[in-house]
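Peer 1: Join the two chains into one complex using the hints; note that each chain is given alone, in its own frame.
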Amino acid sequence: MQITIPATSTVMKSLLRADLITQWRNRRSLILILLVPVIVLISWKGIVDKMGGPFALSNCITIGLVAIGLMGYSNSVARDREKAVFQRLRVAPLPSWTIMASRLIVQLAMVLLVTIAVFVGGYYFDKITISPTGYVFSFLAALIGGALYLSLGQVIVGLIRNPETVNSTSRLVYFVFIMVGMFGELGVLGKEIGTAVHWSPYGTVKTILSASMEPATWTSTTTWALLMTILYTIVLAGIGIRKFQWNAR
Amino acid sequence: MSLQPEKRTLILLRHSMMPQNAQYNSATMIDYQDQPILEVTGLNIFYGSFQAVRDVSFAVKPGEIFGLLGPNGAGKTSTLSAIEGLLKPQSGRIMVAGFDSARNPLHVRAVLGVQLQATSFQSELTVLEILQLYAGIYGVPMSKERISGIMKDISLEGAESRRFGQLSGGQQQRVSLVIAIIHEPRLVLLDEPTTGLDPQSRRKLWERMEAMREKGHGLLLTTHSMEEAESVCDRIGIVDHGRIIAIDTPQALIEKHRDDPEVISASRRGKITLEDVFIGLTGRSIRS
Ligand SMILES: Nc1ncnc2c1ncn2[C@@H]1O[C@H](COP(=O)(O)OP(=O)(O)OP(=O)(O)O)[C@@H](O)[C@H]1O
Ligand SMILES: [Mg+2]
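Protein sequence lines, in the order shown, are assigned to chains B and H. According to my numbering, the first sequence is numbered sequentially starting from 9. According to my numbering, the second sequence is numbered sequentially starting from 149.
Chain H extracted, bound-state conformation (with noise of 0.2 Å):
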């Protein structure tokens, strides 16, 4: 996807506003713009003796944001922690903003943000204790105003003192999402961001992806919301056993398989929909 001339102002705006502390400069964002942010090239990971993700590729510009699907086990995951530097894929390639993650993992790490699929931060720590201390891991100054912004921004205004422990799990969602992009990251990945939360929190991190995406970030999420994916996702990739078996548009995987046989069986209401096309693809059958 290639931004249009008005994105390309906004980011550049956006660029020259940023802080004294953002991790890039303004200068460079133009060579980098239509250059992927993320690109992973056959990708293999392996534990033990079982693969987990087999010859993955994909790409993820700056301004898009992307969807892996794929039924559980499918190794989403596993993909996103080889790009994160938890995990060493056996073979592959992964480059973030330019930067080889097996050469210069701290850079690649500077430049992304993450959201883990698990809950991980320490249930002692009150919301405001960690939010101080990955500004801090990031050096990321955090002033009282910018700190009640962002507790705004989550709707979580006067609950800087409570015990992350004693937060909903949807309110902990909030405040994970809301670390993984306190240094203004140039890469988001996001692990079911919007499993466990209530449709007008889904609604308003929608919106946060799109604004985000507005502002030039690239975004790569996992879902298991087909609704998520068509409506938020410009492009999507559904992985099965290990595999990218299709990445396109939503809209156009719909119309390039709209025809197959096992995603019309799969078809309930004579509307053929994204879910219809999944089902289609990875089958019928609960995965293990």
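Isolated chain B, as found in the complex (with noise of 0.2 Å):
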């Protein structure tokens, strides 16, 4: 008997038109995630000019990274598994790789997005500019801190099922993520704290960022923030992939 699967093409095609409109529609997400990190753009004008722009763009860049990962991908994924979407999509002809990849696909997109959002803020606002090849290497940087907050997000996750929990937990993580993050890099809460931030998932990301937007500061440390980048990546999202349940129970 003759039966006809429809192309991984086909089906990626649909599955991201639908993931598309649903993150233009999420308003409040999509405003956390933009308007957040320009909103502390404008707000640092005193510590572009003390600690230079590539600071300030790197720090807002993470910010949107952070809830890019946290508030965006984790609490749709959780509600959709609730709502039994995924199930739904599931029991059609397609491969199961395919919904989470359209879906990671969106959220790449809006990690250039965000990045886009802060240069362009950080022009408008602060009048900083950086070399062509720094903003270049800036994106390609973002895309892996995205990659990173991501497979945060899938952490959460794949350990809580429960919507509301998932929520609250990936909330608080963003709160503490950013206020020790910001403050830790200032140096404002001790040098200990600050080393500590400096290797953690938001140091790595904003070292490596900030690093991008001048390649001629690129140093050896930078290449260890880069690499640590990477390893918390293939580690979180070794765990979040293989503790993800597709059910609701």
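In short, the hints are calculated from the structure, not lab data. Be aware that a few hints might be false.
[As the list claims (entries may be wrong)] EDC-like, lysine to aspartate or glutamate: derived pairs with alpha carbons at most 20 Å apart:
id	chain 1	residue 1	chain 2	residue 2
1	B	K91	H	E423
2	H	K404	H	D382
3	B	K58	B	D134
4	B	K21	H	E272
5	B	K91	H	E272
6	H	K352	H	D301
7	H	K363	H	E272
Peer 2: Okay, structure coming up:
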């Protein structure tokens, strides 16, 4: 008997379209992801003068990336799992990985969008410009950093089923990341915490981002930060994917 | 149940009219129509150490509506989930249209139409966007005419641009049903399709199920409504504590058990109904 199973590319196209629309309609998460970094940037005018443009830009992009992984991605996955959205898709003739791949592609598009928003904001409000290679490298660094926070979001939905618990947990982690990250890096919390933050998933991403903006400042420490970022991503994604359950119970 | 000659012609006619995108061709349909479209053998499902489904076996033929009845927690949804490939049974064999669900899951899913017990669509998407999403996933072309035809069919004309989350429960149910059959599946699995529907929509759904039966589709549904089981199901299986304890036509079940003392004591007005048989067989206590 002949049975046609639609091509994976057609399936992906349909999934991507639906996921993009869903992301676009989720105004609250969109605003949180795009607006918060720009607001921080505007309120940091003094810091830009003292610490330099790349410091401010890289912090703000990192804040946006954390929001994408923790607030955007993990919450939407937890909610759709609860409503059996995934189960309904999985009873269709498509490989399960396409469902997640489509979601991740949309999130990576958000990473690029946040990076653009911060660059535009930086130019518009603080007249920060960087070299063309700096822009290219920053986008690459943002994608790598974005992958790290997406895998952190994946760990949360991998370990927690209840969407409310996922929501409150991701909010808490987001808050801790932003607070400890920003103030730790500024040296407000003391030297030890400063070092710990520097090598934390917040610090490593911030480090590679800010070095990417000025490729001349890339040192061996930056390379270590890059390797740490990749290591964090692999470990977290590994845990998050292995523990992930499609069903709500 | 074997098909009468009239039904046979109907099936052939129907399939020669099938569009290009149909998931099966007309020639092979003839060989299959007396074969079960679904065959479940010795199914066992565990959740951890708890056994939810115990040695369940049954078959559904093309052109048959088969109902699974059972108290809450009996294992109906679990059985359907195994057929859909959403969970892996510990043992047992599931064949759909000749495909082994363990070996050819994608083939099985291409022949299956599914309505889940839970909601199951993104509330941000509009009805139209959901239709387009699933048309794309199943490889079904969607023309403007086809879409308005579908919308009319589920009495939601003009609601294409309404968000799924803004629809009423019954309206959502109708959307989810139409998605289940968007690719003309040979086997349709409906988990409590009429729960929450008003009598009008329920009647409409029954008619639709009967129309699908006439076209030779096999239907497997779960229900808590004895009225539904009696009026649309050709055969029913009663499930209790994960086991199928009876399987037959509704009428035959009533005949067979009308003299059981438990059934008689369950009857309320002297007349034995399917519900009395159900209660007689599964007991009066409410399941935890
Ligand atoms: N994911 C799960 N983990 C653990 N136990 C489960 C899970 N899913 C179902 N069960 C248990 O398995 C049994 C069968 O559940 P199932 O959902 O198949 O019942 P059902 O017949 O569909 O009931 P209902 O009529 O209430 O829908 C129940 O005791 C239920 O608590
Ligand atoms: Mg159920």
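Peer 1: All the hints need checking, so say for each whether the structure fits it.
Peer 2: Hints, one by one, checked against the model:
1. B:K91 <-> H:E423: Violated: B:K91 and H:E423 sit about 32 Å apart, past 20 Å.
2. H:K404 <-> H:D382: 16 Å, holds
3. B:K58 <-> B:D134: 13 Å, holds
4. B:K21 <-> H:E272: It holds: about 18 Å lies between the C-alpha atoms, which stays within 20 Å.
5. B:K91 <-> H:E272: 12 Å, holds
6. H:K352 <-> H:D301: 10 Å, holds
7. H:K363 <-> H:E272: Violated: H:K363 and H:E272 sit about 35 Å apart, past 20 Å.
The structure is inconsistent with the numbered hints 1 and 7, although it conforms to all the rest.
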